[in-house]
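**Q** Protein chains in written order, with the working numbering: chain A, 1 to 151; chain B, 152 to 769.
In short, the hints are calculated from the structure, not lab data. Here the structure is a predicted model, which is why all the values come from computation and not from measurement. Any given hint might turn out to be false.
Said to hold, decoys possible - A partial selection of chain B residues facing chain A, derived with a Cβ cut-off under 7 Å: (1) PHE375; (2) GLY451; (3) ASN764.
Unchecked claim - So the derived list for chain B, only partly shown, Cβ under 7 Å to chain A, looks like this: (4) ALA188; (5) ALA192; (6) GLU225; (7) ALA356; (8) PRO360; (9) GLY373; (10) GLU758.
We treat Cβ as the ideally placed atom computed from N, Cα and C, and that holds for glycine.
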Amino acid sequence: MNHDIGKLPEILERYPQEPQSLIAVLQDIQKEYNFLPCDALKHTADYLDVPLSKVFSVSTFYNAFSLNPKGDRVIRVCMGTTCHIRGAAQILEQLEKKLNIRAGETTPDLKYTLEVVNCVGACAMAPVVIVNDKYYGSVKVSGTKKLLKGG
Amino acid sequence: MRIDKPAQLTKLRKELVAVEKKHTKKIMICCGPGCLANGAAKIVEEFRKVLKKKHIRGFKIEALKETGCHGFCERGPLVIIEPRGTFYTKVKPKDVEEIINESIRKDETVERLLYDDPSNGHKIERYNDIPFYSHQQRIALRNLGHIDQYKIEDYIVADGYNALVKALTKMKPDEIIAEVTTSGLRGRGGAGFSTGRKWATCAKAEDTPHYVICNGDEGDPGAFMDRSIMEGDPHSVLEGMIIAAYAVGAHEGYIYVREEYPLAIENLKLAIHQATEYGFLGENILGSGFSLTLNVSRGGGAFVCGESSALMKSVAGEVGEPRAKYVRSVLKGFHDKPTVLNNVETYANIPVIIDKGGEWFAGIGTPGSSGTKAFSLVGKVRNTGLIEVPMGTKLREIIYDIGGGILDNRPFKAVQTGGPSGGCLPEEKLDLPVDFDTLTEAYSMMGSGGMIVMDDHTCVVDLAKYFLAFLVEESCGKCVPCREGLFQLHAMVKKISEGQGIEEDIEKMEKLSDVIIKSSLCGLGKSGPNPFLSTVRYFRDEYLAHIRDKKCPAKVCRELIRFDIIADKCDGCTACLSACAFDAITGKKNEVHVIDQDKCTKCGACEAVCTRNAIEVS
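Isolated chain B, as found in the complex (with noise of 0.2 Å):
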């Protein structure tokens, strides 16, 4: 059905929430990438065959939902009975039919799935109750989990499409640009530019034809916003951007997703073919008279293509490399003409920004970064997962009060923000307000919104020592001091993690990166350095550790480590015998085992078996 005016979509969502509102009860399927990973397809397959064999009245087939990312990846697979939000979690094939029997034929609860709350123990029925859900604010992220990822009348039932009605009928590019403006977004993907001035800019460069793309590039390890975003909710980009494409005069856009996400790229193909079947793309739009086509562009799998040069390179079919930005690529971009170019999280945010006005959303936030911020919060934190909070909200709330603190109790020691070119904060900076200036001037950035909490196993010259092995390896080369000077300090990050480095060395490596981050072409070189930069500021005490005493505080670097067998703690299980893939322990069972050190290659896969804690580590 195509929708040539306003009042048929009125209509449509009419009928289409009547439908939905028949349903007196929804199970609403998590199929994130988390609960992916963990096995939700089969959970979805076992509740269509149950339901199938099992008639039960007043039940649907369509109330079975598939959503995206749900957010509390920690606890997947999840599964949520609407409306009472009833919260399943680790969800196992054999547990299907219970669920179906207690909270779809009656209204009780299988109380063993639900979340139990470490601090307490309590068990927690609905996620809005859960301290991980409750503390915070939804927006980018606002139909994720609560929508069929794979239906776009899901989406018209959210009011979706309802602000580029708005935006197409009521409204004069101009007053969009005015209204972005006043919003006060800025650009999600890292750099945090004023988005309703780089719209202006473009709308007013005289070259034409104008493009919109969409840097779905999320190459930040640990990020997992954008992935979860255009998987989970993929009409909240697509009309972001045709809002985008209307306001600066653009009639062909690209959205680039990185190749490591297929998924994101079905999602975003099928959704577009929806929208152009309904009207929402194509030519004369809502009987506008605006006509826009969008495509999807595939990376190839360099992390460089994130940058905005070198991904509209990338679009074009060429290799990626960037270009000095002396002329801007809202000037001069994609086939050299003015070009927007916006990260997946800004384009979700703009469709709200335009149905609720951009006062209201500079409402929230601090003033200087108004809005909210999705985050991807991982690592050795107890609540992994999809958060999406206010600007301003303290490092501390989301490790701690949402994040649930850390992985075994252990002390907090570093978060890492903003990717590789970001950097860590120590505990001291636990209390700082997270936006984009107050993450900058301590040194580290909003990034993309990944966020690694560290506990004390994690070793910061190691981490430096990754972070820039991978700038190494992902570097393109068109430049000297990126491609020879990451080079270089990664070497001498590799020497003092070996024991090796004096202490002349840090002093050399900060002059290098001086240089680095003054004389590279593109972001990536600019800001490479700053895992080395910022770990040393914060623990330089660390870094010396291993030059001066030829240690490794956190256990990490193996030249400086060994493992041995307490003797009077093993029991000669041979679990570590068969652990071992370098044959380097010995002994027979039940008897004391014992690892030759000229053999152990340090790899730890016995400490990780031993059940008795009889592997130590020195």
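With the rest of the complex left out, here is chain A (with noise of 0.2 Å):
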């Protein structure tokens, strides 16, 4: 599938044309497009000198980088240890269940994406759930309704 990858040379730009920057580059990529077109990744290939098949193994190797596009609405369900004494498994499997797709899928219409994450840094409010940038704390089994609708 073609993507319109227009803003790419935007982001090329804005580090040195060196092996260097290709991580800073494909992050850039993942955060405009939310995720890394095939294109895209030849292009940076050319652009870096580095070879394709090394664009790509970075590319897989780093949790932050998907090649396949992400819903609007990214959940993400912190796993660190203090999520998972406090019942993170919990609320993952409940939203699992209510969008019927597994951690890592994102649903057929695009709409949700459904990810785990390895601690984010805010075990005091554990369990947390991030929605696309927005932290909810001391989050309850019951209350996951309310991360799928917003608000």
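Hints in hand, dock the two standalone chains.
**A** Have a look at this one:
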């Protein structure tokens, strides 16, 4: 599938044209498009003079990158130790059931992506769920509906 | 304004202090991770709105400060009125007007928002009188909660960049290294290597250029000390790094921050910009002829990148795979050049050591572990938050005097230190003094400073399974013992948690652990079996209960428990029925409800909502 990657030249210009810039460029592409379009990876490889295979290996090594489009609402359930002992697994289970997808997947209508994250450092508020960039602390199993609706 | 001479900084500080002194009252709003998650941004907005509307004589908007983490996250959002130190807890936007009327216009307090001591119900007004704070000693966290996190001027008022002036104008690089060595400072990232020795090795290395790197990839789940420092007091990290760079002869440096910490990245970038404008970074710093540029490098969400050689690969834009350490990274590190890599908290300690001297620092803590250590105290403890105590403080003091004991007065079961590579310590170890060596001797480790308290509702088998699953997921896959060994270890713990284990499994797992520890390439693998080893050492009975009796004593492992509704207690309120996402509960309103065991996934949602304790777990 071809995606409009019109903003790519502007992203590439933000960083020095050297292999060391690869992760920073990919992060900006991910932020702009919510995933890494294939064409953008090819251009980036050419521009930074890095083999495409290496771009692919970096793209798949780090959790921050995704090769598939993500949903409008990205729900990230924190699975840090504190969240774990305060019931994060149950919250994840509720969300998986309600959205009918597993962690790491996106709903077919591209509305929701469900992810787990390894601790966001807000342990005092455990369990924590982050919807897009908004933090929800002390989430209860009964409060997952609210997370899907927003607000 | 660029500062070229030390005298200019002294003059600037005098002017800034004079401005600060004019504020007879200051409003400090905690914007640390916990308070932000609890809505601190809205409190700031409301204060600005109300202060704009009501003009209060003598109060300038500059006296409203957005600070870093004040520490007592449990009670957030926090608002503190200085200089009295009035401590308002769980503040909501609707409380703002009242706080302004009572505490700013008048000299009164809003009683209902004060901290109430759970032991006797008494209200305590000032934070310094609250046990959570009075048992602490803050060095690395010295400015958190006391200065505006976005303003370099506030840092300068708090004697910031004083140590840099001293280092650049009055000390030679080897004198700085000698001072740091005298202080006995050991790396706060977990391994506890002597900072002075590391710097000395790098400084002597002939190969050039040299680099300085700050490890802000705080990957241990349950730890947020470094996040709080990078967000709330970024200049203390920069100042420590500039001094380090001068000492080891580096002119380029990087701060590697995990991408889960966007605010830390933003605040560090802002701090670098401010420090460059004032001439603390860039060319010819303070007219000394020494130059340094610092950059922020964002991580990509990989736990293994907290390991030094993997981190350096990642800064270079590559896959973060560790390498064997027969050549140390201090000699062959970033781009294969000599590199000093220290953790955030280590750097934050440096300015104070230079300012007050290594002897002073060495006088705090224990002989083998000098100074203080920051911890994030979390889990099933009453006062969760960010704390700092002298090394050698007993676990019991931390958990009971500062932490206020276990949540809901439940029995203490274990405390987990050192993240996934650390271990669990049981009740009989509570009187251990916390320092690098005693924790290691007790088969746990200091780690970066996450301290997770657990009560009797936590199952250690489940916990070991959790950590091993984490490590399997985060293993980079380069070496076989870590990739395959941890995978097998996890599979076996999982088997035990499901009641399918046999007693020989424990022995097999101990043997396998030994192989993984001896043959893995990097620290992730070498410490990978710790979650299993430390729990089986101290809680063997609990493993045996899962194996012999097919029971989970903590009632956590799902395959070994069942949920039932006690008919006598159920009043048919339907709360559990609506909470169950799996349609496993049936029953009419006002009639006793029943759980269908075939559909029940044992998620516990019903137990969480039942107000009559009618759900029985057995």
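**Q** Each hint needs a verdict: does it hold in this structure or not?
**A** Going down the list of hints, with the structure as the test:
1. With 7 Å as the threshold, the beta carbon of PHE375 of chain B comes within range of chain A, its nearest partner Cβ sitting at about 3 Å, so the hint holds.
2. For GLY451 of chain B, the interface hint holds, since its Cβ comes within 7 Å of a Cβ in chain A; the closest pair sits about 3 Å apart.
3. Hint on ASN764 of chain B is violated. Least Cβ distance to chain A is approximately 16 Å, over the 7 Å limit.
4. Taken as an interface hint, ALA188 of chain B checks out: its beta carbon lies about 4 Å from the nearest beta carbon of chain A, inside 7 Å.
5. Against a cut-off of 7 Å between C-beta atoms, the interface hint on ALA192 of chain B is violated, since the closest Cβ of chain A lies about 10 Å away.
6. Interface restraint check: GLU225 of chain B against chain A, minimum CB-CB distance 6 Å, threshold 7 Å, status holds.
7. With a cut of 7 Å, the hint placing ALA356 of chain B at the interface with chain A is violated, because the nearest CB-to-CB distance is about 22 Å.
8. Among the interface hints, the one on PRO360 of chain B is violated; its C-beta lies about 15 Å from the nearest C-beta in chain A, farther than the 7 Å criterion.
9. About 4 Å separates the beta-carbon of GLY373 of chain B from the nearest beta-carbon of chain A, less than 7 Å, and the hint is met.
10. Annotation: interface hint on GLU758 of chain B violated; nearest CB of chain A at approximately 9 Å, more than 7 Å.
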